[in-house]
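Novice: Same order as they appear, the protein sequences are chains A and B. Numbering-wise (this note's numbering), the first sequence opens with residue 9 and increments by one. Numbering-wise (this note's numbering), the second sequence opens with residue 16 and increments by one.
No wet-lab data here; the hints were simulated from the structure. Where is the CB? At the ideal position from N, CA and C, for every residue including glycine. There may be inaccurate statements among the hints.
To be verified - Below 27 Å or equal to it, Euclidean Cα-Cα: the simulated DSSO-like pairs (lysine-lysine) are:
id : chain 1 : residue 1 : chain 2 : residue 2
1  : A       : Lys-222   : A       : Lys-156
2  : B       : Lys-129   : A       : Lys-104
3  : A       : Lys-36    : A       : Lys-59
4  : B       : Lys-82    : B       : Lys-129
5  : A       : Lys-254   : A       : Lys-36
6  : A       : Lys-103   : A       : Lys-59
7  : A       : Lys-174   : B       : Lys-129
8  : A       : Lys-103   : B       : Lys-184
9  : A       : Lys-265   : A       : Lys-113
10 : A       : Lys-174   : B       : Lys-184
11 : A       : Lys-169   : A       : Lys-156
12 : A       : Lys-103   : A       : Lys-113
To be verified - Okay, the calculated bits of chain A under chain B, using three or more residues with CB under 8 Å as the criterion:
id : segment
13 : 112-118
14 : 124-134
15 : 151-162
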Amino acid sequence: MQQVLNKEPINSSVEISKKVQKGEVILKVQDLYKSYNRGTPVLQDIQMELKQGEFISIIGPSGAGKSTFLRCINRMIDPTSGSIVFDNTEMTSLKKADLRKQRSKIGMVFQHYNLVSRLSVFENVLHGRFGYKSTLQGVFSLFSEEEKELALSILDKLGMKEFAYKRCDQLSGGQKQRVGIARALVQQPKLLLCDEPIASLDPNASKIIMDHLKDISETMGITVLVNLHQVDVALKYSDRVIGLNKGRIVYDGVPEKLSNSAIRDIYGSEIEDLILE
Amino acid sequence: MQATSSMQSNIKIRNGKIQIKTFNRSNFVLHFILSFLVLFTIVAPFFLEYGAIDIQTAIFYTLDNLKMMFLQPALSQVTLTAALYQILITLALAFLSTLIGAVISFFLAILSAKNLMPSYISNVIIAFNSFIRAVPTVLWVLIFAIVAGLGSVAAILGMTLHTIAYLTKAYAESFEEIDNGMIEALRATGAKWWHIIIHVVLPQTSSYMVSWTFLRFETNYGVAIAMGAAAAAGGIGFELFMASSFYYDLHEVGMITYFALIIALILEFISIRIKNKLIGSKS
Numbered sequence: 009m010q011q012v013l014n015k016e017p018i019n020s021s022v023e024i025s026k027k028v029q030k031g032e033v034i035l036k037v038q039d040l041y042k043s044y045n046r047g048t049p050v051l052q053d054i055q056m057e058l059k060q061g062e063f064i065s066i067i068g069p070s071g072a073g074k075s076t077f078l079r080c081i082n083r084m085i086d087p088t089s090g091s092i093v094f095d096n097t098e099m100t101s102l103k104k105a106d107l108r109k110q111r112s113k114i115g116m117v118f119q120h121y122n123l124v125s126r127l128s129v130f131e132n133v134l135h136g137r138f139g140y141k142s143t144l145q146g147v148f149s150l151f152s153e154e155e156k157e158l159a160l161s162i163l164d165k166l167g168m169k170e171f172a173y174k175r176c177d178q179l180s181g182g183q184k185q186r187v188g189i190a191r192a193l194v195q196q197p198k199l200l201l202c203d204e205p206i207a208s209l210d211p212n213a214s215k216i217i218m219d220h221l222k223d224i225s226e227t228m229g230i231t232v233l234v235n236l237h238q239v240d241v242a243l244k245y246s247d248r249v250i251g252l253n254k255g256r257i258v259y260d261g262v263p264e265k266l267s268n269s270a271i272r273d274i275y276g277s278e279i280e281d282l283i284l285e
Numbered sequence: 016m017q018a019t020s021s022m023q024s025n026i027k028i029r030n031g032k033i034q035i036k037t038f039n040r041s042n043f044v045l046h047f048i049l050s051f052l053v054l055f056t057i058v059a060p061f062f063l064e065y066g067a068i069d070i071q072t073a074i075f076y077t078l079d080n081l082k083m084m085f086l087q088p089a090l091s092q093v094t095l096t097a098a099l100y101q102i103l104i105t106l107a108l109a110f111l112s113t114l115i116g117a118v119i120s121f122f123l124a125i126l127s128a129k130n131l132m133p134s135y136i137s138n139v140i141i142a143f144n145s146f147i148r149a150v151p152t153v154l155w156v157l158i159f160a161i162v163a164g165l166g167s168v169a170a171i172l173g174m175t176l177h178t179i180a181y182l183t184k185a186y187a188e189s190f191e192e193i194d195n196g197m198i199e200a201l202r203a204t205g206a207k208w209w210h211i212i213i214h215v216v217l218p219q220t221s222s223y224m225v226s227w228t229f230l231r232f233e234t235n236y237g238v239a240i241a242m243g244a245a246a247a248a249g250g251i252g253f254e255l256f257m258a259s260s261f262y263y264d265l266h267e268v269g270m271i272t273y274f275a276l277i278i279a280l281i282l283e284f285i286s287i288r289i290k291n292k293l294i295g296s297k298s
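Please model the complete structure; the sequences and the hints are all you need to start from.
Specialist: Below you can see the structure in the form of structure tokens.
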């Protein structure tokens, strides 16, 4: 067993980073617009280019459209208009099977972890491989040994290998989130979307999760796009910060240049002392 | 301000008193029916003909019959092995209809769960189901008896149909309890619809489904006894019918009742054990 685990997985995520040149544009969003029931727009005039291996935080008040934006990228929510080009493929026009294929290249991490609580950690992580499976293969859980080794090596990397056979409802919040990240990584994604990954965690667990996410973007070359509520966390970890307010991008740049007035633009004037805490 | 002015004009006053309730149709109908029922209950006994009945003897004979049934149970027409065999047949009727019903219900429940299917499909199934559930099981069995003839086939068809309607609703409701986030997470990985059914819906709801299915099995056991008598489906119900209506053997009726009761108690015991086990594994 130990021998098997020490072996380098056959197609690990590290290999993807070799194929894609560092700094190549992985996601290009143009004129993205979204409104529900033709009401007030949730997102408008969104322009964005994400490069491979970047760590980007999206900050903004509740209801600014952060979650909607993330879900528009992998089409969990259909945008009203605009263009999203991910990995040289236009996402907005994709039909079922092609959409599935593209989605398998985008990992997603959730605030409430969204693990199947009655199943083991190992089973939950392997769920990330369904995007590569036919209906029957998936239904009967036919995973190859390589896939299992990949799952275990990722769990090992996140420090969760000893919990592989534990049921997910017996884990703590931070452990659950690490399983959630493992499930996303086992997809061997090029882009990792994280929707408030630390909003339900204590400071200690939050640090562990953010450190892992940072490590993923640096060593695996996976672009990490994180929705955050905590400005200080965003400033500390990000290569780039995007400020969203009322569905518009009001700031896009390096965290060092995020001035107090920019924060006021993002959050509104009444919380301008937010960053001083 | 508008509220106060409208309130003043809204207040109903009758005979100089402020009315607390306003007149509306459904209230009126409800009151009418209730007062009619009360009146009927009070008046009706005076119109019954008691002439032929001697109350004292009637009570005496009833108690005597109950004594024969439950204090002196005995088998005369059927042997003990035959009785046990007949109980097995009744259990088999209940088991078969529950099993077939449960399998079909699982697929129908997937189609009728609002979080898994578009609402126009689920609404059709839900409407159809409530129609089936509204008709009693016995009636369904008799309807199927037209094509299948009175007997076990009609009984199983009727019981299965009612089981399907019942379990589909129960399963679908437990499916709808699932946290949508789990389904979302798997859709985001590119998983197919069947992957989500098997790897999210099934593990999350299996314990509920088992306990609902067992509850329905107990109900079907009771129905199967009745079907033995009412639809000649065989089993212990038929022996009970013969003993009571053909041989007038109250000792045997008592004995058979005890048998049926013991089996029902065993089923109840097993179901409690299963439930406890499932609840235990939840934590």
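Novice: Run every hint past the structure and note whether it holds.
Specialist: Hint check results:
no.: 1; hint: Lys-222(A) with Lys-156(A); result: holds (24 Å)
no.: 2; hint: Lys-129(B) with Lys-104(A); result: holds (21 Å)
no.: 3; hint: Lys-36(A) with Lys-59(A); result: holds (9 Å)
no.: 4; hint: Lys-82(B) with Lys-129(B); result: violated (54 Å)
no.: 5; hint: Lys-254(A) with Lys-36(A); result: holds (21 Å)
no.: 6; hint: Lys-103(A) with Lys-59(A); result: holds (25 Å)
no.: 7; hint: Lys-174(A) with Lys-129(B); result: violated (31 Å)
no.: 8; hint: Lys-103(A) with Lys-184(B); result: violated (33 Å)
no.: 9; hint: Lys-265(A) with Lys-113(A); result: violated (32 Å)
no.: 10; hint: Lys-174(A) with Lys-184(B); result: violated (32 Å)
no.: 11; hint: Lys-169(A) with Lys-156(A); result: holds (12 Å)
no.: 12; hint: Lys-103(A) with Lys-113(A); result: holds (16 Å)
no.: 13; hint: 112-118; result: holds (count 5)
no.: 14; hint: 124-134; result: holds (count 5)
no.: 15; hint: 151-162; result: violated (count 0)
Violation of the numbered hints given earlier is confined to hints 4, 7, 8, 9, 10 and 15; the remaining hints are satisfied by the structure.
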